[in-house]
Amino acid sequence: MTVARREKAIERALLVSALSAVSMLALIAAFILIEGAPVMLRHGISSFLAGTRWAPTKGSFGILPMIVASVVVTLGAMVIAVPLGLSCAVFLAEIAPRRAANFLRPAIQLLAGIPSVVYGFVGILFLVPLIRENLGGPGLSVLAAVVILGVMVLPTLIGIAEDAIEAVPRTYKEGALALGCTHAQAIRRVILPAARGGIIAAVILAMGRAVGETMAVIMVIGNAAIIPCSVLDPARTLTSNIALEMGYAAGDHQKALFATGVVLFAFIMVLNSIATMRIVRGRR
Amino acid sequence: MTIPIDVETKHRIVVVLLWLAALVALAVLAFIIAVVLWNGLPAVTLSFLLESPRDMGRAGGIFPMVVSTVAVTLLAVIVAAPLGVGTAIYLTEYTSETALTRVIRFGAECLAGVPSIIFGLFGFIFFVIQLGMGWSVLSGGLTLAVMILPTVMRTAEEAIRAVPESFREASFSTGASRWQTVTQVVLPSALPGIVTGVILGVGRGVGETAAVIFTAGSSLHIPTSIFSPARTMAVHFYILAREGISMRHAYGTAAVLVILILAINTAANWLMLRFQAKQG
Amino acid sequence: MTREFSYSLEAGGRAAESVPSEPKLLVERLSVSYDGVAALRSVNLSIYPNEVLALTGPGGSGKTTLLRTINRLNDRIRSARVTEGRVLLDGEDVYGPDVDAYAIRQRMAMVFALPTPLPKSIFDNVAYGPRVAGIRKMARLREIVERALRDAILWDEVSSRLGDPAMTLSGGQQQRLCIARALAQQPEVLLLDEPCSGLDPISTLKIEDALRKLKEQYTIVLVSHNTQQAARVADRIAFLLMGELVEHGRADQVVTSPADTRTADYFQGRFG
Chain A
0 MTVARREKAI
10 ERALLVSALS
20 AVSMLALIAA
30 FILIEGAPVM
40 LRHGISSFLA
50 GTRWAPTKGS
60 FGILPMIVAS
70 VVVTLGAMVI
80 AVPLGLSCAV
90 FLAEIAPRRA
100 ANFLRPAIQL
110 LAGIPSVVYG
120 FVGILFLVPL
130 IRENLGGPGL
140 SVLAAVVILG
150 VMVLPTLIGI
160 AEDAIEAVPR
170 TYKEGALALG
180 CTHAQAIRRV
190 ILPAARGGII
200 AAVILAMGRA
210 VGETMAVIMV
220 IGNAAIIPCS
230 VLDPARTLTS
240 NIALEMGYAA
250 GDHQKALFAT
260 GVVLFAFIMV
270 LNSIATMRIV
280 RGRR
Chain B
0 MTIPIDVETK
10 HRIVVVLLWL
20 AALVALAVLA
30 FIIAVVLWNG
40 LPAVTLSFLL
50 ESPRDMGRAG
60 GIFPMVVSTV
70 AVTLLAVIVA
80 APLGVGTAIY
90 LTEYTSETAL
100 TRVIRFGAEC
110 LAGVPSIIFG
120 LFGFIFFVIQ
130 LGMGWSVLSG
140 GLTLAVMILP
150 TVMRTAEEAI
160 RAVPESFREA
170 SFSTGASRWQ
180 TVTQVVLPSA
190 LPGIVTGVIL
200 GVGRGVGETA
210 AVIFTAGSSL
220 HIPTSIFSPA
230 RTMAVHFYIL
240 AREGISMRHA
250 YGTAAVLVIL
260 ILAINTAANW
270 LMLRFQAKQG
Chain C
0 MTREFSYSLE
10 AGGRAAESVP
20 SEPKLLVERL
30 SVSYDGVAAL
40 RSVNLSIYPN
50 EVLALTGPGG
60 SGKTTLLRTI
70 NRLNDRIRSA
80 RVTEGRVLLD
90 GEDVYGPDVD
100 AYAIRQRMAM
110 VFALPTPLPK
120 SIFDNVAYGP
130 RVAGIRKMAR
140 LREIVERALR
150 DAILWDEVSS
160 RLGDPAMTLS
170 GGQQQRLCIA
180 RALAQQPEVL
190 LLDEPCSGLD
200 PISTLKIEDA
210 LRKLKEQYTI
220 VLVSHNTQQA
230 ARVADRIAFL
240 LMGELVEHGR
250 ADQVVTSPAD
260 TRTADYFQGR
270 FG
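Chains as they are written, first to last, in numbering that gives the first Met the number 0: chain A, 0 to 283; chain B, 0 to 279; chain C, 0 to 271.
Rather than coming from a laboratory, the hints here were simulated on the basis of the structure.
Some hints here could point you the wrong way.
[What the hints assert, rightly or not] Partial chain C-side listing against chain B, Cβ under 8 Å, derived:
hint, residue
1, ARG75
2, ARG77
3, GLN105
4, PHE111
5, THR115
6, LEU117
7, PRO118
[To be verified] From chain C, some residues computed to sit far from chain A (all C-beta separations above 12 Å):
hint, residue
8, ASP34
9, GLY58
10, THR63
11, ARG85
12, ASP89
13, VAL98
14, LEU161
15, GLY170
16, GLU187
17, SER202
18, GLN216
19, GLU243
20, ALA263
As the structure is a prediction and not an experimental result, all values here were calculated from the model.
The beta-carbon is built from N, C-alpha and C at its ideal position, and this holds for glycine as well.
Throw the hints in and build the complete structure from the sequences for me.
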């Protein structure tokens, strides 16, 4: 009987630890919301979300420029990351010899391990001058952020997409090959369509990464709180808005940064929920 | 308008393009590492590692940052590892798929996707302000712990699931309880996988900036307790680079960071490969 | 009250008069299903102390389910349900409300169809059960381990390398190690689930030799679809078919003059 009772106690303790992740998520959502929502409501949600003027010390909190910049930068990053990342995923899952794959896979995960500040630093030193000298503009620009983010989200995209491709039953591919398809045709017509759900999830999660990336973006995007007119213009994303001003903001200004966090959090949760549901559905 | 290309040639073109994509990814990685090490290594001397910074970091070394990084990351791991492994044990050994486990998994997936700046905001308002911990190793460590929890949990769960069912059956058949089975058989078998997850968590913690800068602070002094403010290497590097204080020292710090990350990832990979070899 | 049951149940059986003592295990009207699909239908069976009872029958007839239900190892399978009946060990309901499944499994050791050594040394494998039961003294553990290994006829082959990983043993040795592990937990009943199915003839003979000696100390239930093995080793044989206990009785009787034509067909190799 004592064994059974001890087992119950252990099970309860484990349950408590199992609830830690969810409760932390709830706590994060709650605190960001409590800090950020009032100022948003006070100044009007529409003028907060659709306002184009960000002058926190003068009491105008319009974050439309940051929303636009975040969306543009994220979509731009996908233009680079999706073709490159999917190619890498297909390569790893289908083409690469075993030894090449065993070398490449950890290398790509290492790309995820490199601190984002280092990406930003390399961006300032090489990418920004490159853009300034060849394409014009200040160099610190949407384009620079797009390129850096395009590289940074590769590991997320490749990892999940490769899993999805590898989860396609072998028989599909063998069937296609048996019908006389070349390997390339089998990949395009059979394997990729079958892995579509997981690949979409990979892209969405990569978008989440891009929206949320902070330090690398701050260093290369120029941080002007205006809606960019071209990819060579500087801009400021939601994340960089928070990180730039948190250091000295106080009062309503600080609350407005939390409100920016609320918007960012909402973006992420929507993206994550879609991706998670896709992955879960794909597994069934 | 179609140029007649036979399927065989087409197939070759596709294969070449895919090789190219992989090489591009590899080249970017090699470029970043090479640039940082090439420019940074000359600055990395023993005194750089063992001295305190002078003149805001223009001179001297990064010793306090090394200590801070170790302290903050260690604290994060000490908190996150038991929680993550506990969650994994609960999900694999103590329950089947229910609505509750789906909620737990969903929560972890979402937490994994939360951007580090949000962790920074949360850590600032919750640990620093609400719980009154101030800018400190404690606040930074706890914030990082929440951040790396999903990583630790996911790898631990995978490792535990990979333990053959026959081990559990054999253990239970001798009259062992669940907990005895977990501690005597399941965890020892899954340990390399679990350690890999923890090491990956350490890697994330070491390189993190946004979540730490608003919670651990940016003091240049060596932290004397978990309540002291601290500046990790990543934060130090960010401040040096962004405020243009010293290119040379920024590069040096980056080089140390990158070497550390390389070592951590290599260790994790080596463990993982060994683990898989043992399992397979 | 248990006695009444056993008499009434055994009234028509043939085994009752040949084995007079109280049953060690009594299976009463036991029905088990997986996700609602019946695997055992109202099985009645008595198993007596110091006998070897062979459960035989074709694949999917419920032999393993019966074995795993007896020591409650099937508790781990979520789809499995005992829908009817009970299992009594020394007259006590194994599924009773105050009964600890861990204690039950400690009293009824099990050996599986494939060797299941734990990823530990030979010594630690055999000492696993005693340690789980709380025995910590090294001298005592050594004593138990040696005895168990001797009883499983493995001692001479491994006594010089008890610290080696169990995985380094051959298949036949691994299975005898598992028998030793079962013996070391000092059970009352040994449940063996096709212990020779993956083994060569020589290993099989060694294990059968060990079983014949072990029945002096234990009650043994042996699952085997191999009718010859059942005839060689068992005192009594129970024949299961599609979840039903078709007949049971003294081994020689069941083999030479079965009462049911299905049993006869099976033993003559017409199916299964």
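Quick rundown of the hints versus the structure:
Below 8 Å, beta-carbon pairs count as interface contacts, and C:ARG75 has one with chain B at about 6 Å; its hint therefore holds. For C:ARG77, the interface hint holds, the least distance from its beta-carbon to any beta-carbon of chain B being 5 Å, beneath 8 Å. Hint status for C:GLN105 relative to chain B: holds, with the closest Cβ pair at about 3 Å, below 8 Å. Of the supplied interface hints, the one on C:PHE111 holds, with its beta-carbon coming within about 7 Å of a beta-carbon of chain B, less than 8 Å.
Taken as an interface hint, C:THR115 checks out: its beta carbon lies about 4 Å from the nearest beta carbon of chain B, inside 8 Å. Using the Cβ-Cβ criterion of 8 Å, the hint placing C:LEU117 at the interface with chain B is satisfied: the shortest such distance is roughly 6 Å. Restraint check, C:PRO118 versus chain B: the minimum CB separation of about 6 Å is within 8 Å; hint holds. Every beta carbon of chain A lies more than 12 Å from that of C:ASP34, the smallest distance being close to 18 Å; the non-interface claim holds.
With a least CB separation of 26 Å from chain A, C:GLY58 remains clear of the 12 Å interface cut-off, as annotated. With a cut of 12 Å on Cβ distances, C:THR63 stays outside the contact zone with chain A, its closest approach being about 26 Å. Every CB of chain A is more than 12 Å from the CB of C:ARG85 (nearest about 20 Å), matching its label as outside the interface. With a closest Cβ-Cβ approach of about 18 Å to chain A, C:ASP89 is found to remain outside the 12 Å limit, as its non-interface label requires.
With a cut of 12 Å on Cβ distances, C:VAL98 falls inside the contact zone with chain A, its closest approach being about 9 Å. The beta carbon of C:LEU161 sits about 29 Å from the closest Cβ of chain A, which is more than 12 Å, so the claim that it is off the interface holds. For C:GLY170, the requirement that its beta carbon stay farther than 12 Å from each beta carbon of chain A is met, with the minimum near 30 Å. Every CB of chain A is more than 12 Å from the CB of C:GLU187 (nearest about 19 Å), matching its label as outside the interface.
Remark: the non-interface label on C:SER202 is consistent with the geometry, its nearest Cβ contact in chain A lying 35 Å away (cut-off 12 Å). Listed as a non-interface residue, C:GLN216 keeps its Cβ farther than 12 Å from every Cβ of chain A; the least gap is roughly 26 Å. Even its closest Cβ contact with chain A, about 34 Å, leaves C:GLU243 beyond 12 Å, as expected for a residue assigned away from the interface. For C:ALA263, the requirement that its beta carbon stay farther than 12 Å from each beta carbon of chain A is met, with the minimum near 44 Å.
Comparing the model with each earlier hint shows a violation of hint 13 alone; every other hint is respected.
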